[in-house]
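Asker: Chains as they are written, first to last, in my numbering: chain Y, 1 to 302; chain V, 1 to 324; chain X, 1 to 330.
These are calculated hints, taken from the structure and not from any lab test.
Careful: at least some of the hints might be erroneous.
Claimed, not checked - The calculated lysine-lysine pairs, modelled on BS3-like cross-linking and capped at a C-alpha distance of 27 Å, are:
1) X:LYS67 x V:LYS126
2) V:LYS221 x X:LYS67
3) Y:LYS19 x X:LYS21
4) V:LYS129 x X:LYS21
5) X:LYS78 x V:LYS126
6) V:LYS129 x Y:LYS19
7) X:LYS78 x V:LYS122
8) X:LYS67 x V:LYS129
9) X:LYS78 x V:LYS221
10) V:LYS221 x X:LYS76
11) V:LYS221 x X:LYS302
12) X:LYS78 x X:LYS67
13) V:LYS122 x X:LYS21
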Amino acid sequence: MGASANKQSYDLPAAGLRKFWLDFSESPTAVIALFVFLIILFIAIFAPWVSPSNPYDLTSVDIMNSRLPPGSEDFSGNYYLLGTDGAGRDMLSAIFYGLRVSLGVGALSGLVALILGASVGLSAAYFGGRFETIMMRIVDIQLSFPSILMALIILAAFGKGVEKTIIALILVQWAYYARAARASALVEKNKEYVEAAKCLALGDKRIILSHIAPNCMAPLIVVGTLQTAHAISLEATLSFLGLGLPITEPSLGLLIGNGFEYMYSGDFWISIFPGVALLITIVSINLVGDQLRDMFNPRLQK
Amino acid sequence: MTAFILRRSLQSIVVLFIMSLIVFVGVNLVGDPVDMLINPEADQAEIDRVIRDLGLDRPVSEQYWYFVLNAFQGDLGRSFIFGEPALKLIVQRMPATMELALVSLLMAVVFGIPLGIYAGLKPNSKFSKTIMAGSILGFSMPTFWVGIILIMFFSVHLGWLPSTGRGDVATYFGVTSSAFTLDGLSHIFLPAFNLALFKLSSVIRLARAGTREVILQDYIKFARAKGLAESRVVRIHLLKNIMIPVITIIGLEFGSLIAFSTVTETVFAWPGMGKLIIDSIYNLDRPVVVAYLMIIVVIFVMLNLIVDILYSVLDPRVRIKGVS
Amino acid sequence: MRQALEPILKINNLQTHFFTKAGILKAVDGVSFEIAAGEIVGLVGESGSGKSITGFSVMGLVDAPGKIIDGSINFKGKDLSALSNDQMQNIRGNRIAMIFQDPMMTLNPVLRIETQMIEAIQAHDGSISREDARIRSRDTLGLVGISSPDERLRAYPHQFSGGMRQRVSIAIAMLNRPDLIIADEPTTALDVTIQGQVISEMQKLCRETQTALLWITHDLAVVAGIADRVCVMYAGRIVEQGLVANIIANPMHPYTQGLMGSVPSQNQRGKPLQQIDGMVPSMLNLPVGCAFQNRCNYANEKCSNIQPDITQVADGRQVRCFNIPVGQRL
Chain Y
1 MGASANKQSY DLPAAGLRKF WLDFSESPTA VIALFVFLII LFIAIFAPWV SPSNPYDLTS
61 VDIMNSRLPP GSEDFSGNYY LLGTDGAGRD MLSAIFYGLR VSLGVGALSG LVALILGASV
121 GLSAAYFGGR FETIMMRIVD IQLSFPSILM ALIILAAFGK GVEKTIIALI LVQWAYYARA
181 ARASALVEKN KEYVEAAKCL ALGDKRIILS HIAPNCMAPL IVVGTLQTAH AISLEATLSF
241 LGLGLPITEP SLGLLIGNGF EYMYSGDFWI SIFPGVALLI TIVSINLVGD QLRDMFNPRL
301 QK
Chain V
1 MTAFILRRSL QSIVVLFIMS LIVFVGVNLV GDPVDMLINP EADQAEIDRV IRDLGLDRPV
61 SEQYWYFVLN AFQGDLGRSF IFGEPALKLI VQRMPATMEL ALVSLLMAVV FGIPLGIYAG
121 LKPNSKFSKT IMAGSILGFS MPTFWVGIIL IMFFSVHLGW LPSTGRGDVA TYFGVTSSAF
181 TLDGLSHIFL PAFNLALFKL SSVIRLARAG TREVILQDYI KFARAKGLAE SRVVRIHLLK
241 NIMIPVITII GLEFGSLIAF STVTETVFAW PGMGKLIIDS IYNLDRPVVV AYLMIIVVIF
301 VMLNLIVDIL YSVLDPRVRI KGVS
Chain X
1 MRQALEPILK INNLQTHFFT KAGILKAVDG VSFEIAAGEI VGLVGESGSG KSITGFSVMG
61 LVDAPGKIID GSINFKGKDL SALSNDQMQN IRGNRIAMIF QDPMMTLNPV LRIETQMIEA
121 IQAHDGSISR EDARIRSRDT LGLVGISSPD ERLRAYPHQF SGGMRQRVSI AIAMLNRPDL
181 IIADEPTTAL DVTIQGQVIS EMQKLCRETQ TALLWITHDL AVVAGIADRV CVMYAGRIVE
241 QGLVANIIAN PMHPYTQGLM GSVPSQNQRG KPLQQIDGMV PSMLNLPVGC AFQNRCNYAN
301 EKCSNIQPDI TQVADGRQVR CFNIPVGQRL
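The following block holds chain Y by itself, in its conformation from the complex:
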């Protein structure tokens, strides 16, 4: 057989962040989605500076400009890329401001739900016993009801409004985080470093927060992205139905709802464009979350 050229040794796989990026970029769609989402995030945060006009400044809105189709100009020379709505507001600006509200509400409720749910889940896994059983029963029962139902119940009981919608969204989401946190904390709990920490007589709180929690972040982040998309979708649905955010804080859902009636007369842009914006937002978040989930799923590692 003789001598054959053998492979040279290669570098050890990149650690940490670099590996994360390598795995993540295996899906080009996810990378594009992430990019798109960052753009949307930018628009949402800087809406007042990025929008052509402020659609909620009553002085700059003229009812004479109402229902102009996309690409038209008005008498003052303003260019309406996406047309205007029934009150004469620029659709593009309305969408930018709407993104702000939609993302803000979604992110805020998601964050609070994460903190709340993760705390419950981590403590339940760590302390075990009756506490865990009771909490998880509650989580299970709540999760067996669809989110929209929960939201409807809460809004029916407490009424409409910004805070109440956010509270409803939080109450709907926390259970998902609780379940994910508990599942991964249960796995971590049995690992050696927890034993070691206990041997050092570190306080429970310290163990949970500094040791277990960081290792549970991965699945929580996955749940986080997917849930945030879900929250945004849910809020839009509620606003569309007229039960969510009020007119003073118009989210994309409300814009779509308001534009619904105009659709039958052919002025589709008032409803469709906010819808497209909503869709792009949700899809990009979902694509990112999906890729993250595939990356972290141990059963798919070969």
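Take the given structure of chain Y and dock chains V and X to it, following the hints.
Answerer: Relative to the frame of chain Y, chains V and X by itself:
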């Protein structure tokens, strides 16, 4: 097996009990029961009379007792708007919602499972990638928005299908449904498809995930080592194993179909329970809301029970005790 | 004696490589051996040596990203590596059967035993009736020592113990009276007491039915008990093969010597257990020259630069090493 069913039934009753408690607490202690149950338009004398009638001046535990008693007799209050018993209103509209939900479920399952299995078996084919992209889209698009697009395209633009309302009904084997008439079908198609789309994505992803996991298992390899044709491997060995998680989730998600019908029914003006509840929340017709909640709770608990039983039927490991 | 029999399986320079993102993994890198009708051959190696992949290559069950890229697998005159999947399906479970390692996972948990047995028969004989297939299944269960086979047929896998499940797997393998059974670590996952039973029963069965058996294992002691000939594998290659008795009495390759030395019964009481120093090299990163050099006491400069070829020794023995005494070489 019977012991299993009995156990689960008992658990369900307990859950029902707890949920009724929660609804009661929600109505009477969280919100203002006077607002909740009494027409806000009534004058003071009327309010006082109703308070006495409804027993709102009695101690809370007594109130709860009456609440449960009345519930058993089917009395869950009277609608402010319609003046009819709330329960009657809901029951009248239940068939329309059930019909919509069932047709949607059928669509989702019949198309979703084969597509999901295909995407799981050949994850790198172009078709599979299209399916997965489509499913992410279907999963992300809020139901109401899809409904709007469907109406815009098929009704307004093309004029093929009606955009609102329910069609004519016909009765076969004692079942009355609009799905049995052509006119009914044309009316039910868009809303059912709308509702199904969300579910379809779920089913596809579930079937695909299940397939991807199962296909790596040793028993699949062993089946191939026996020389079985690949079609049999997929049809019998794979399918039976993924059906278990798929069916249980589908069963549970049927409940969410009913819940999401609230949106679809609003968009398509479909005369079901969902539209009723949205209108009622909007109009502050609380008794109807309360009645709806109780009915939904009952439906959900029963669904959970049925799914549990189904699970044990499908998975022999649950049904029959093993050695190890 | 057995060399005179015509081999039913002739593997020549089999190369099965895995094309992974991290590089090409040469799991099987030039393996050649033969099995005669009714012969029991052991294939011994540590995990990662490529022994299981060899078995899968014969069956045509190598998963992506693996591929047989060279060599021939000659079974009764046909080259299996050149056959289509459909043609292989006719052979699998029919003329060549396979038994896997973990009986817990090889039987489908949601199907009855009889379903899984009958389908194996009907896949290769379209004309047989279900009842006849069931009878054959029942009889074969009896053959492997399972009592009350009629009841057992109706049961589900989880109702059996590990040892019983493996017997069922063996029964399934024997259903169509194959010419060759490939057993991939069939007793590794079983309790030690059951192991012995299953080993001796398999040996008896194969002798009685004149079925050839390729027993893949990491345990040299098992092979010593059951096989006629043994092939020792290391890092994708066969480093020594020959009659079992000869190899055990006089292991020639340093790796085989190490393996023999590390079997506890070979050691004396009180003395520390012998082991082979070092670890198996990564299959993605094999050294130039002999794969065993880092762990070998006899390694010299030639070993570092050139991969050794097969050296023929007496009694049909083959060794892949430069350090065989010249007098022993043929």
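Asker: Of all the hints numbered above, which does this structure not satisfy? Sort the numbers upward.
Answerer: 5, 7 and 11
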